[in-house]
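A.B. asks: The primary structure of each chain is shown beneath.
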Amino acid sequence: MSDVADRVKKIVVEHLGVEADKVVENANFIDDLGADSLDTVELVMAFEEEFNVEIPDDAAETIVTVGDAVRFLEKNAA
Amino acid sequence: MFDLTGRKALVTGATGGIGGAIARALHAQGATVTLSGTRRAALDELASSLGERVHVVEANLSDKDSVEALVPAAEAAMEGLDILVNNAGVTKDNLFMRMKDEEWDTVIAVNLTASFRLSRAAVKNMMRRRYGRIVNIGSVVGSTGNPGQGNYAASKAGLIGMTKALAAEVASRNITVNCVAPGFIESPMTDVLSDKQREGILGTIPMGRLGQGDEIASSVVYLASTEAAYVTGQTLHVNGGMAMF
Chain A
1 MSDVADRVKK IVVEHLGVEA DKVVENANFI DDLGADSLDT VELVMAFEEE FNVEIPDDAA
61 ETIVTVGDAV RFLEKNAA
Chain B
1 MFDLTGRKAL VTGATGGIGG AIARALHAQG ATVTLSGTRR AALDELASSL GERVHVVEAN
61 LSDKDSVEAL VPAAEAAMEG LDILVNNAGV TKDNLFMRMK DEEWDTVIAV NLTASFRLSR
121 AAVKNMMRRR YGRIVNIGSV VGSTGNPGQG NYAASKAGLI GMTKALAAEV ASRNITVNCV
181 APGFIESPMT DVLSDKQREG ILGTIPMGRL GQGDEIASSV VYLASTEAAY VTGQTLHVNG
241 GMAMF
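Here the protein sequences come in this chain order: A and B. Counting in the numbering used here, the first sequence runs from 1 upward without gaps. Counting in the numbering used here, the second sequence runs from 1 upward without gaps.
One chain only, chain A, in its complex shape (with noise of 0.2 Å):
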């Protein structure tokens, strides 16, 4: 796994409290990892924060896996 994916890693299995190894590539952040809307927008403030990135609503309504939440930060973060 890539720096970024384990970053995005630690921050779900800090906020949303679920096993390291539930938290892979396509799993989803509501279905699979139980995070309701509410967490989705602390998650997204939460990797705001650590990449020190802008996450506009638009792009973050995209990222609905851990997958995507990686790969947004690791093409948008410097």
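There's no promise every hint is true.
To be verified - Facing chain A, a subset of chain B residues (Cβ under 8 Å, in silico):
no., residue
1, R128
2, R129
3, S187
Said to hold, decoys possible - BS3-like mimics (lysine-lysine), calculated; alpha carbons at most 25 Å apart, straight line:
no., chain 1, residue 1, chain 2, residue 2
4, B, K92, B, K124
5, A, K75, A, K22
6, B, K124, A, K9
7, B, K124, A, K10
8, A, K22, A, K10
9, A, K75, A, K9
Honestly, the hints are just simulated from the structure, not real lab data. Even for Gly, the Cβ is constructed at its ideal location relative to N, Cα and C.
For chain A, the structure is supplied; the task is to place chain B on it using the hints.
C.D. replies: Using the frame of chain A, we list chain B on its own:
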């Protein structure tokens, strides 16, 4: 009880009769307070009478950019924001059939839309900190209606609905959102009433008198306190009994 030491509060419309009383009361309980309003001199005067733990941020709530700059400015000044009191309000009374679009728009913009934007901005960091108190100042007419105040009544009723919706969204994050709905309170807004109007109003109030700003402020202190942690989405009517729900 109701100790607010270390809490950081933003009060809009802090130069008004009720807003000033709210700012004083939160400050007296130990909170650091940011005073916001349009009249710089009056804000500075209130700030200097409070002394320590006070900041002033001018803002015109009918202006979108000014509204959007307010919460970040208050957060920067106080290094955080725990309590947001959406108090600022304007009236532009007119008979419904004569009401101009601008009269409608201004009242909705300041009383409702600005409260929405300020709450949206404030709740973001409240979620991060897992703590927050938002108190919206409504009005009895938001529940009862009042001739000549179609715009004002709509804006205040809108606040009640907004309060409930936001309260439901963020309750799990220890953020409460409530509304205080004053009846007739001694303030510059009611000083303009004629003796006859005043008499007519007093006849509708079982308590037989107008309320004081302090009596609204103490309700705000309660809802802003840790003690009120289990109270959310509510409207607390403070009106001397003139309308009971």
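A.B. asks: Run every hint past the structure and note whether it holds.
C.D. replies: Each hint, compared with the structure:
1. For B:R128, the interface hint holds, the least distance from its beta-carbon to any beta-carbon of chain A being 7 Å, beneath 8 Å.
2. This hint is violated: B:R129 has a C-beta 12 Å from the nearest C-beta of chain A, more than the 8 Å allowed.
3. Restraint check, B:S187 versus chain A: the minimum CB separation of about 37 Å is more than 8 Å; hint violated.
4. Annotation: proposed proximity of B:K92 to B:K124 is violated, straight-line Cα distance about 32 Å (limit 25 Å).
5. For a cut-off of 25 Å, the pair hint linking A:K75 to A:K22 stands: about 24 Å separates their Cα positions.
6. For the hint linking B:K124 to A:K9, the alpha-carbon distance of about 22 Å falls within 25 Å, and the restraint holds.
7. Distance restraint check for B:K124 and A:K10: the Cα-Cα separation of roughly 21 Å lies within the 25 Å cut-off, and the hinted pair is therefore satisfied.
8. Of the supplied pair hints, the one linking A:K22 and A:K10 holds, its CA atoms being roughly 12 Å apart against a limit of 25 Å.
9. For the given pair, A:K75 sits about 17 Å from A:K9 by alpha-carbon distance, which is consistent with the 25 Å threshold.
Checked against the numbered hints above, the structure violates hints 2, 3, 4; every other hint is satisfied.
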